[in-house]
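Quick mapping for you: the protein sequence lines, in order, are chains A and B. Residue 1 is where the first sequence starts when you use full-length UniProt numbering, and the numbers rise one by one after that. Residue 1 is where the second sequence starts when you use full-length UniProt numbering, and the numbers rise one by one after that.
Rather than coming from a laboratory, the hints here were simulated on the basis of the structure. Do not rely on the hints blindly, as some may be mistaken.
Which copy is meant is left open, so a pair is good if it fits within one copy or across any two.
Stated by the list, open to error - With a straight-line cut-off of 27 Å between C-alpha atoms, the simulated BS3-like cross-links for lysine-lysine are:
(1) LYS27 - LYS48
(2) LYS48 - LYS131
(3) LYS138 - LYS48
(4) LYS36 - LYS139
(5) LYS36 - LYS48
(6) LYS131 - LYS27
(7) LYS138 - LYS36
Just so it is clear, the structure is predicted and the values come from calculations on it, not from any experiment.
Protein chains: 2
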Amino acid sequence: MRMLSNRLASSFFSSYKYSSEVKSTVKIGDVLQQRKIFTDEDVVAYSKVSDDINPLHFDTECAHIAGFQDRLVHGMLVASLFPRIISSHFPGAVYVSQNLQFRQPVYVGDEIVGEVQAMNIRNFKTNYLVKFSTRCLKKGSLLVIDGEATAILPSLIMQ
Amino acid sequence: MRMLSNRLASSFFSSYKYSSEVKSTVKIGDVLQQRKIFTDEDVVAYSKVSDDINPLHFDTECAHIAGFQDRLVHGMLVASLFPRIISSHFPGAVYVSQNLQFRQPVYVGDEIVGEVQAMNIRNFKTNYLVKFSTRCLKKGSLLVIDGEATAILPSLIMQ
Chain A
1 MRMLSNRLAS
11 SFFSSYKYSS
21 EVKSTVKIGD
31 VLQQRKIFTD
41 EDVVAYSKVS
51 DDINPLHFDT
61 ECAHIAGFQD
71 RLVHGMLVAS
81 LFPRIISSHF
91 PGAVYVSQNL
101 QFRQPVYVGD
111 EIVGEVQAMN
121 IRNFKTNYLV
131 KFSTRCLKKG
141 SLLVIDGEAT
151 AILPSLIMQ
Chain B
1 MRMLSNRLAS
11 SFFSSYKYSS
21 EVKSTVKIGD
31 VLQQRKIFTD
41 EDVVAYSKVS
51 DDINPLHFDT
61 ECAHIAGFQD
71 RLVHGMLVAS
81 LFPRIISSHF
91 PGAVYVSQNL
101 QFRQPVYVGD
111 EIVGEVQAMN
121 IRNFKTNYLV
131 KFSTRCLKKG
141 SLLVIDGEAT
151 AILPSLIMQ
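Isolated chain A, as found in the complex (with noise of 0.2 Å):
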């Protein structure tokens, strides 16, 4: 993480002058969420670009047999909710790290909230490296996936 902050860092931040004209907000706590139906075309449109084609997502009876209710969204998809939601509150943003734990199973035709929290925010000249922690849930409380991301973001407006 450090490596990519030091490296690009040097050249993201001296010239980064994009967003400065749609300056985003954010302070310490602050939560934005979106959610997602994950359905059936989803998961055949994901499995060709990433080559996907694990049977537990097309295979209900290998679904069942592995102990899962139906066949399963891949995790990888599921967690797209996490840059989606980043990048579209901060158009720019640039992906540091990412850490997943996949902690409960996602079906096809669930409803997903995806969830981030900015938990850290360091300010280096008109950019910042913020924290986020990240959740999906469904059926309101029920925790799917949890971790954390780290996010170079364009000009913001502290608050």
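Starting from the known structure of chain A, arrange chain B on it as the hints suggest.
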């Protein structure tokens, strides 16, 4: 991670016989590799399925201003190489965790070698909890992503 291990394990380990006829082999130190060129089409397809429209992936000028040579491939798309490699060698593998550090940019058109190496194997009945080191390289030896993954693998032949 333990939470998933404990919860899923009870159903998973007790009944998972899916791959008993397709036994794969693994031992500590084993390295598995696959390579992929990430194309414009991949970036567009991934953006659609993830709803991640960060301009760094589509706007060359934005990428330049941010200090990059070209448009970036989504980091989580590059990281999808890891579960692809693991599940193609061990069909029915269940992902438990993945840590990712994005150390260098991956540009559209880059050829990336994904590599996983078995670091630790814990057996339980006919199934295994395996920790892998995971990394992506370009131009031979340039480290672009590294981290660790843990997965529950179905029946193996331990070497």
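Status of each hint after checking the structure:
no.	hint	verdict
1	LYS27 - LYS48	neither (38 Å within a copy, 30 Å between copies)
2	LYS48 - LYS131	between (31 Å within a copy, 26 Å between copies)
3	LYS138 - LYS48	both (25 Å within a copy, 22 Å between copies)
4	LYS36 - LYS139	within (12 Å within a copy, 37 Å between copies)
5	LYS36 - LYS48	both (20 Å within a copy, 13 Å between copies)
6	LYS131 - LYS27	within (11 Å within a copy, 36 Å between copies)
7	LYS138 - LYS36	within (10 Å within a copy, 33 Å between copies)
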